[in-house]
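*Asks:* Spelled out, the chains give:
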Amino acid sequence: MPDTLNIFGTYRLRCMVAWQQGLTLFFSLLVEALPFLLLGVLFSSLLLLWVDPERLLQVLPRHPLAGAVAGAVLGCLLPVCECGNVPVARRLLTQGMPASVAVGFLLGAPTINPIVIWSTWVAFRDQPLMVWGRVLLTLAVAVVVGWVFSVQRDLRPFLQPAVAQAMAVPALQQPQREPALVGVQTGTFWAVAGGKTVPLSASGWQASRLLSRRGRWQLVWVNVLTELRELGGVLILGTAVAAAIQVLTPREVILGLGQGPVTSVVAMLVLGTVVSICSTVDAFFALSFAGSFTTGALLAFLVFGPMVDLKGVSLLLTVFRPRAVLYLFLLAASLTFVLTLAMNLYL
Amino acid sequence: MNGWDLLAIGAWGVLLLKYWLTGQLAVLVHPNYFPLTIGAGLALVGVTGWQGWQRWRERGRPRLVPEGNALLPRSWSRFLLLSTAVVGLVVTPRPFNSQVALDSGELWSMTRTMPQRFRPVQRPEQRSLVDWVRLLNIYPEPDAYQGQRARVEGFVVHPPHSPAHRFFIARFVVTCCAADAYPVGLPVDTPGETAQRYPADTWVRVEGRMTSGEVQGKRRLILQAERITPIPPPANPYLY
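Read top to bottom, the protein sequences are chains X and Y.
Throughout, this note's numbering is defined as the position within the first sequence, counted from one, plus 72.
Throughout, this note's numbering is defined as the position within the second sequence, counted from one, plus 757.
No wet-lab data here; the hints were simulated from the structure.
Remember, it's a predicted structure, so these values are computed and weren't measured experimentally.
All the pointers check out, no bait thrown in.
Simulated DEER-style distance windows between Cβ atoms:
| id | chain 1 | residue 1 | chain 2 | residue 2 | range |
| --- | --- | --- | --- | --- | --- |
| 1 | X | Ser406 | Y | Arg880 | 51 to 59 Å |
| 2 | X | Arg323 | Y | Ala921 | 21 to 29 Å |
| 3 | Y | Val847 | X | Leu402 | 42 to 50 Å |
Computed footprint of chain Y on chain X; a stretch qualifies when at least three of its residues, placed anywhere within it, have a C-beta under 8 Å from a C-beta of chain Y:
| id | segment |
| --- | --- |
| 4 | 86–94 |
| 5 | 284–298 |
| 6 | 353–360 |
We put the CB at the ideal spot given by N, CA and C, even for glycine.
Make the full structure from the sequences, and use the hints.
*Replies:* Here's what the structure looks like:
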C-alpha cells in the first residue's frame, strides 16, 4: 500500500513539474514573440496604405531567373509574413506579374524580410549559421521553384477561375472588336466624394486612397487589431503545441528523432506543415527544439514552415488550383529536404 | 472587431506590463529583450484603450471593416487570446526546477558549445557556475584546477544513484527566453555530512576547493565543500 501511495505521489509530483514547466515555456515563448508579431502587423498595415504595388510591377525584371530572384527579395520592401503575402501576390498576379516573380515572392518574401531576419537573429544569437542558412536556403528554394513555374508561360490554367478571369488577357489573344467599348467598365461601383467611382472589387490600396487622412489612420489601427487577433490566435495554438510536445513527449523519443540526420529533417518538415505560426515568430518555436534537434532539421522548419503550412494552404487555394498547390508543396518540400539533409551530412 | 476583441488584445498588453512590474519577466525572457516586451505592452494597452474610447464616443456610426482572411473563426481567436491572458494574469510563472534539469540530461554531457561572451575571470572564487562550465568546455582537464578556491551559487539537484555525500549545484543558462534554457552544474562533495541535508531545489552558496574524482564513471572536476550556506532564491534565476 505505501508503495502504491508512493508511486501515485511521484506521479502527481511529475505532473505538477510538467505543468509548471509547460506554462513557463508557453508564456516565455509568447512574451518573446508578441512584440515581433506586433511589429510585423504594424508594418503590413502601414504598407496597405502607403505602398503602391502596381508601380513595383513596372520595374520588375521579366527574365525568369532574374524575376524569381526579384520576387524573393521583394519581401525586403513589403515585409509581410505568409498570411499577408498571399493576398498581395493574388493582387499582383491579376495586375500581370510574371509567374516566376509571383512564385518567388510567395515562397521567399515571408522569410527574406527585415523583421523575420531580426527575430531569427534574436532567437539564435549564438548560432549565426541559422540566420544565414535560413536566408540563403529560402532564397535558393524560392528561386528554383519560381524558375520552374516560369516554364508555364500562361499561368491561368494553374489559377483559380476567379483569379484567372481577373488577369489581363495577353495582348496577342485580345479580340480586336468593339473598340468603342474598351475602357468602359462594368460591374458594381462605390460612389465616393467628388463624383468619382471605385469598383467594388477594388479594395485595400485603391479604396483607401480615397479616404481622408484621419480615415486612413483609422483603417490602419483597425487593420492592426484585426490582424493581431487572427495571427495572435494562431500563434497561441502553435505555441501550445510546441510547449506540449516539449513537456509531454518522453525525452528519449525526441532525442531519438532529433539526432538522426534524416528522421530529424522529416520530423521538422512535418511539424512545419502542421504548426502554422507566423514566420515573424516561428524562430522562437524552433528555438525550443534547439537542444535536441540537428541544425539542418531546425533550418528545414524555418525554411519550409513559412512556405507551405496548413494555414497557408487554405490561403494558397484562394489563388491556385489544388494541382498547382500540390506541385508547389512537393517541389519546395523536396528541395528543402535535400538541402538541409546535405547540411546535416556534410557540414 | 468588437469590444471583446479589444478586451482580449488589451488583456495581453496588461499581462506584459504585469510581468514587467512584478519582476516576473526575468523568469521568462533574457533582460536584453525587456524593452521590446515593455514597449509592446504599452503599445497594446494604448491602442486598445484609444480604440475603445473612440468606439464609445462614436457609438452607432458605421465602421471600417477591412477585408480579412479568417484563418480561425473569429470567436476562437478572441477566446484563445482572452483565456490565455487571464491564465497568465492569475498564474505566477516558476523558474525550471531540479527535475527539469535532470530530465534534460545535460548536467553530465556538457556538450554545448558556449561561444558567447567568454571572458576568463582571473580570481577563481569570483567565477560563477557558468564561468566554471565555460572554462571546462575550453580546457577540460580537471587537474588544471586542482586546489583552486571556488564560491558558487545555485540550486541543489540530487541525481539518482549518486553517492550519499554528493549533490549537484546547478543553474539554468538562457540565451533568448526560457524556451532555450539549459542547465549547467558542478558536482559538490560534502565531507562529513550527507547530501540529503540539502533538499532538491534549495538555493545554496557553496564555498570550497576544487578537486577531481570519479562522477558517473568519468573523471571530472568536483567542488569539495567547506561551507554551504542556504540563500534565498534570486529574483533572476538564470545566468547568461
